[in-house]
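**Q** Just so you know, the sequences run in chain order A and B. Numbering-wise, the numbering used here puts 81 at position 81 of the first sequence, and it's gapless, one number per residue. Quick note: to get the numbering used here, add 1000 to the position in the second sequence (first position is 1).
Simulated from the structure, these hints should not be mistaken for lab results. Keep in mind the model is a prediction, meaning the values are calculated, not measured. Note that CB positions come from ideal geometry on N, CA and C, so glycine has one too. Fair warning: there could be bad hints in the mix.
Stated by the list, open to error - Label-pair ranges, simulated between beta-carbon atoms:
1) B/GLN1060 - A/PHE65: 19 to 27 Å
2) B/SER1073 - A/SER13: 22 to 30 Å
3) A/LEU72 - B/GLY1016: 47 to 55 Å
4) A/CYS41 - B/ASN1051: 40 to 48 Å
5) B/GLU1063 - A/LYS51: 34 to 42 Å
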Amino acid sequence: KDQVFQPSTVASSEGAVVEIFCNHSVSNAYNFFWYLHFPGCAPRLLVKGSKPSQQGRYNMTYERFSSSLLILQVREADAAVYYCACGRNTDKLIFGTGTRLQVFP
Amino acid sequence: GAVVSQHPSWVICKSGTSVKIECRSLDFQATTMFWYRQFPKQSLMLMATSNEGSKATYEQGVEKDKFLINHASLTLSTLTVTSAHPEDSSFYICSASAGTGSYEQYFGPGTRLTVT
């Protein structure tokens, strides 16, 4: 069954590097997509691809069936839900259940 | 950046009635639009993919006669939940892209549907 797995909650202190892990069992999917979602707002794409990449404070690691989102110098304002999604391309994304990030001062 | 809006943001309806949700791309032409549903503590599940001017492609297990999708223009897609029942209560979210394949999906803010 095509599934994407990620932890339900991750907690961190301000200023630290946070890692959110994701792995999948999706056949023919070799791209990862990481989205940021504040309740009531539209999910926003942070970083994507089939290789390690970085966009500002967001780093994405890449293995064939797993990826981690690393958030550098995490802030309280980063507290939100982060979704990992997988797909062969953007036509059909399989989403994880989301990871709620808690940031403590 | 690309903006996608949804209307309404939340709706409460009685069982047996129909509800229409609109998804609009505000500053780009959306060749393809996607409709997702999310139940509490579950992931965003793709319901259907629609291309402008053609019939939507529904995912397995999604009733096309219950969830009517219309994508009549490059900036508007609608999802109509017909004869809604309490089990249809969910968070419905759309996304839009300028094409297929490598084009990014831009998401709307979602619509919370509650059926009483």
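**Q** Evaluate each hint against the coordinates.
**A** So, going through the hints one by one against the coordinates:
Distance hint check: the CB atoms of B/GLN1060 and A/PHE65 are about 23 Å apart, consistent with the given range 19 to 27 Å. Distance hint check for B/SER1073 and A/SER13: the Cβ-Cβ separation is about 48 Å, which falls outside the suggested range of 22 to 30 Å. Under the hint 47 to 55 Å, the C-beta atoms of A/LEU72 and B/GLY1016, about 51 Å apart, fit the expected range. A beta carbon spacing of about 26 Å between A/CYS41 and B/ASN1051 contradicts the range 40 to 48 Å that was offered as a hint.
At about 39 Å, the beta-carbon gap between B/GLU1063 and A/LYS51 stays in the expected band of 34 to 42 Å.
Of the hints listed earlier, those the structure fails to meet are numbers 2, 4, in rising order.
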